[in-house]
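J.: Since chain Z is already given, all that's left is putting chain P on it; use the hints.
Listed here are the chains, written in short residue letters.
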Amino acid sequence: MGSVIIARILKAKEMSRCIGCFSCMLSCAAVNQRNHSLAKSAIKIKTAGGLSGKMVAVVCAGCTGVRPCAEACPSGALIERTGGGVLLSVDKCTGCQKCAAACALGAVFFDSDAGKPIICKHCGVCARFCPHECLEMEDS
Amino acid sequence: MLYENTIKVLFVDLSSRKIRIEKRGDLKDFLGGVGVASKLLEENMKPELDPLDEQQPAIFAIGALSSIYPVITKTVAMFISPLTGELGESYAGGRLALTLFMAGYDAVVLTGKSHNPCYLSITRQSVEFMDARPLWGMNSDEVGRVIREKEAGSGKRSILRIGPAGENRVAYASVCVDTYRHFGRLGLGAVLGSKNVKAITVIGDRDIPIANFKEYFKVYRSIYDKVTDTEIMMKYHDVGTPINVASLNAMGALPTKNLSQGRFEHADAITGEAFAANNLVRKLACTGCPVGCIHIGQFRREFGKGYEYEAVSVGYDYELLFSLGSYLGIKTPDEILKLIEAVEKTGLDAMSCGVALGWATEAYQKGLVSDSETMVPLDFGLTENYISAIWHIAGAANDFYSALGRGCYHAATVYGGRDFAMTFAKNEISGYHTGYGIVVGSVVGARHSHLCNGGYAIDQAQKQMSDHEMVDALLQEEKERCMLNSLIICLFARKAYDRATVIGACRAVGLEIEDSDLTQIAEKIFHTKMRIREKLGFTLENVQLPKRFFVTPGLNGVLDETITKKMIGMYAARVAAEMET
Numbered sequence: 001m002g003s004v005i006i007a008r009i010l011k012a013k014e015m016s017r018c019i020g021c022f023s024c025m026l027s028c029a030a031v032n033q034r035n036h037s038l039a040k041s042a043i044k045i046k047t048a049g050g051l052s053g054k055m056v057a058v059v060c061a062g063c064t065g066v067r068p069c070a071e072a073c074p075s076g077a078l079i080e081r082t083g084g085g086v087l088l089s090v091d092k093c094t095g096c097q098k099c100a101a102a103c104a105l106g107a108v109f110f111d112s113d114a115g116k117p118i119i120c121k122h123c124g125v126c127a128r129f130c131p132h133e134c135l136e137m138e139d140s
Numbered sequence: 001m002l003y004e005n006t007i008k009v010l011f012v013d014l015s016s017r018k019i020r021i022e023k024r025g026d027l028k029d030f031l032g033g034v035g036v037a038s039k040l041l042e043e044n045m046k047p048e049l050d051p052l053d054e055q056q057p058a059i060f061a062i063g064a065l066s067s068i069y070p071v072i073t074k075t076v077a078m079f080i081s082p083l084t085g086e087l088g089e090s091y092a093g094g095r096l097a098l099t100l101f102m103a104g105y106d107a108v109v110l111t112g113k114s115h116n117p118c119y120l121s122i123t124r125q126s127v128e129f130m131d132a133r134p135l136w137g138m139n140s141d142e143v144g145r146v147i148r149e150k151e152a153g154s155g156k157r158s159i160l161r162i163g164p165a166g167e168n169r170v171a172y173a174s175v176c177v178d179t180y181r182h183f184g185r186l187g188l189g190a191v192l193g194s195k196n197v198k199a200i201t202v203i204g205d206r207d208i209p210i211a212n213f214k215e216y217f218k219v220y221r222s223i224y225d226k227v228t229d230t231e232i233m234m235k236y237h238d239v240g241t242p243i244n245v246a247s248l249n250a251m252g253a254l255p256t257k258n259l260s261q262g263r264f265e266h267a268d269a270i271t272g273e274a275f276a277a278n279n280l281v282r283k284l285a286c287t288g289c290p291v292g293c294i295h296i297g298q299f300r301r302e303f304g305k306g307y308e309y310e311a312v313s314v315g316y317d318y319e320l321l322f323s324l325g326s327y328l329g330i331k332t333p334d335e336i337l338k339l340i341e342a343v344e345k346t347g348l349d350a351m352s353c354g355v356a357l358g359w360a361t362e363a364y365q366k367g368l369v370s371d372s373e374t375m376v377p378l379d380f381g382l383t384e385n386y387i388s389a390i391w392h393i394a395g396a397a398n399d400f401y402s403a404l405g406r407g408c409y410h411a412a413t414v415y416g417g418r419d420f421a422m423t424f425a426k427n428e429i430s431g432y433h434t435g436y437g438i439v440v441g442s443v444v445g446a447r448h449s450h451l452c453n454g455g456y457a458i459d460q461a462q463k464q465m466s467d468h469e470m471v472d473a474l475l476q477e478e479k480e481r482c483m484l485n486s487l488i489i490c491l492f493a494r495k496a497y498d499r500a501t502v503i504g505a506c507r508a509v510g511l512e513i514e515d516s517d518l519t520q521i522a523e524k525i526f527h528t529k530m531r532i533r534e535k536l537g538f539t540l541e542n543v544q545l546p547k548r549f550f551v552t553p554g555l556n557g558v559l560d561e562t563i564t565k566k567m568i569g570m571y572a573a574r575v576a577a578e579m580e581t
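Residue numbers (the numbering used here), protein chains in the order written: chain Z, 1 to 140; chain P, 1 to 581.
It is worth saying that the hints were derived from the structure and are not from the lab. We put the beta carbon where it would ideally sit given N, CA and C, even for glycine. All the pointers check out, no bait thrown in.
With the C-beta cut set under 10 angstroms, the calculated list includes, among others, these residues of chain Z facing chain P:
#, residue
1, S16
2, K40
3, K44
4, S112
With a straight-line cut-off of 30 angstroms between C-alpha atoms, the simulated DSBU-like cross-links for lysine-lysine are:
#, chain 1, residue 1, chain 2, residue 2
5, P, K218, Z, K116
6, Z, K13, P, K235
7, P, K214, Z, K11
8, Z, K13, P, K218
9, P, K283, Z, K46
10, Z, K13, P, K226
11, P, K18, P, K535
12, P, K235, Z, K46
13, P, K150, Z, K54
14, Z, K54, P, K226
15, P, K283, Z, K11
16, Z, K13, Z, K116
17, P, K283, Z, K13
18, P, K218, Z, K11
19, P, K235, P, K257
20, P, K214, Z, K92
21, Z, K98, Z, K46
22, P, K283, Z, K54
23, P, K214, Z, K116
24, Z, K116, P, K150
25, P, K218, Z, K121
26, P, K150, Z, K98
27, Z, K46, P, K8
28, P, K214, Z, K121
29, P, K23, P, K535
Pair ranges (Cβ atoms, derived):
#, chain 1, residue 1, chain 2, residue 2, range
30, Z, K46, P, E4, 26 to 34 angstroms
31, P, V312, Z, P74, 46 to 54 angstroms
32, P, I513, Z, P74, 44 to 52 angstroms
33, Z, D113, P, M375, 54 to 62 angstroms
34, Z, A7, P, K218, 24 to 32 angstroms
35, P, I513, Z, G76, 44 to 52 angstroms
36, P, K235, Z, D91, 46 to 54 angstroms
37, Z, P74, P, Y307, 55 to 63 angstroms
38, Z, A7, P, E4, 40 to 48 angstroms
39, P, D225, Z, A7, 20 to 28 angstroms
Chain Z extracted, bound-state conformation (with noise of 0.2 angstroms):
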């Protein structure tokens, strides 16, 4: 009796109905990295021009070809996620930044306390505390 597991992909689909609350970036922060600092979330929620213009989410796409951020990392430290994205393996980088250089979409952020890069894992934590349905968990 085996089970498929589908690995899933966070996707920022409904941004318009965004009330910026922040609850994902809160969320994401205090259960990835154990802060109250939004600053440590994997996901950020912007506004383009300002609080009356559009909300954006920058986050991981999941790329499931070649992952940019994986290809820059010089120590093997980003490994490839079943179905999309990567994960980080800390012991393993040394905090050169070059991924988050990489990203076209800018969604690898830097934790400069830590001296290492915040990467989502695509855990759906944000899309639980989101109350308007704009962030989605996706089949890969």
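T.: Relative to chain Z, chain P alone:
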């Protein structure tokens, strides 16, 4: 500061451009928020000087649980009010509480006056005094845009600013926080204007490890689910506070045309439901609030021939629909939104502005003032002229508008018409003509706001109360709100944050607190506020109430002035007895 035994206070002296940081262990007894701010106000105020003297402090404080749990989103400002001459207290949401928390300050105390217009840039590492001379005179929205483009930190930054009204020291000038929220009441905008502070930005990026993740997140999740999955907060998100228009009108408690009526004949056109159907384009939230009560309405303005239109979006709430709607006889949502836009750009408190214009309209009708004073004819329903009048107030265009800019209580002492200058101890009324609860509650309340003790809710409750019971209920609620405001929980979430929830939330982050501690803290804060107002020379005995409260019937019929005064006296006696012990 969370997980620490001290309250961290940033003192900024605008005159010398020096800053100082104090870590105060003693202030922990006040939890945070309004407790800390009250104590700092008491220590730093100069009762003998004018409210707008440069030596007077402007104090901002976040609470003991700010930003780490859902809907704990507010920052308190305390100051001496140029409108009432006594205790000034105002709350704003937006991103300010989060950014102060992330910058690492529990409170900020501004004193002195900058020699040139400046804006302050507050970060974890420094306070910069930036040149704001080119910004002086700008409307509130423009200032926000300029600073937003100039300063780094999009998304984790808060921008406070004043409009022309604050610069011109209008006694009910507001401070806009992050476009759609405000320190509204009692004139903080004028206090900042008097200090030559056009704007303040706060950016924070502090590392704040969670001490006990398991405990903390369990509580976080339960509160999050409570405020999103249950109906407890639904009213604030769906139609929003404007849902009150229809119900208060049906009760005959919707202040209309300078409170000459409690029902508005065009109320159906300006209900929350009407706004939602025709104008609502978006909802937004303060940082950390999954509810999202901020309602944005849009109207189209024709600015030229040949189908030239622009779309204008502004935030709206119940209080604005009353003060710039029914109170001025405005019949359509689009027109109310236009008035809100003018109030936003000039940087005025919407409630005081509308109520002051209501008085001015009646004074004009009765011939107490004429065109030479008002510059435009004022009549209920005349939107375009009200827009002109709003700009005249903000610009202190002549002697009349300068007087009106000091509040309608003051204007009526100059021009007459005190009987219909609708204020509670000099602060313009709120939108509830519900009964003794609102009148007595707002008069005795520390800042003369409907939010001091929720008297309007007592009036609307099914329970009939004796005078004694009502006074007790007001006093008890005022103290309870001192406690909630020390944390600082948005009062919309007061039902979600019952005492057991508050205690659980505190304990999960290491604040060992018991029910009796909360009672004690509430009392301590309340008594600090009462001492402040005593030192500022306020006494309930001297309060004069306009006759109209006792003429226009409301939800509970026509109020009796003698009973009202008796209840105010009972409250004063209760507080005096407490203060003696």
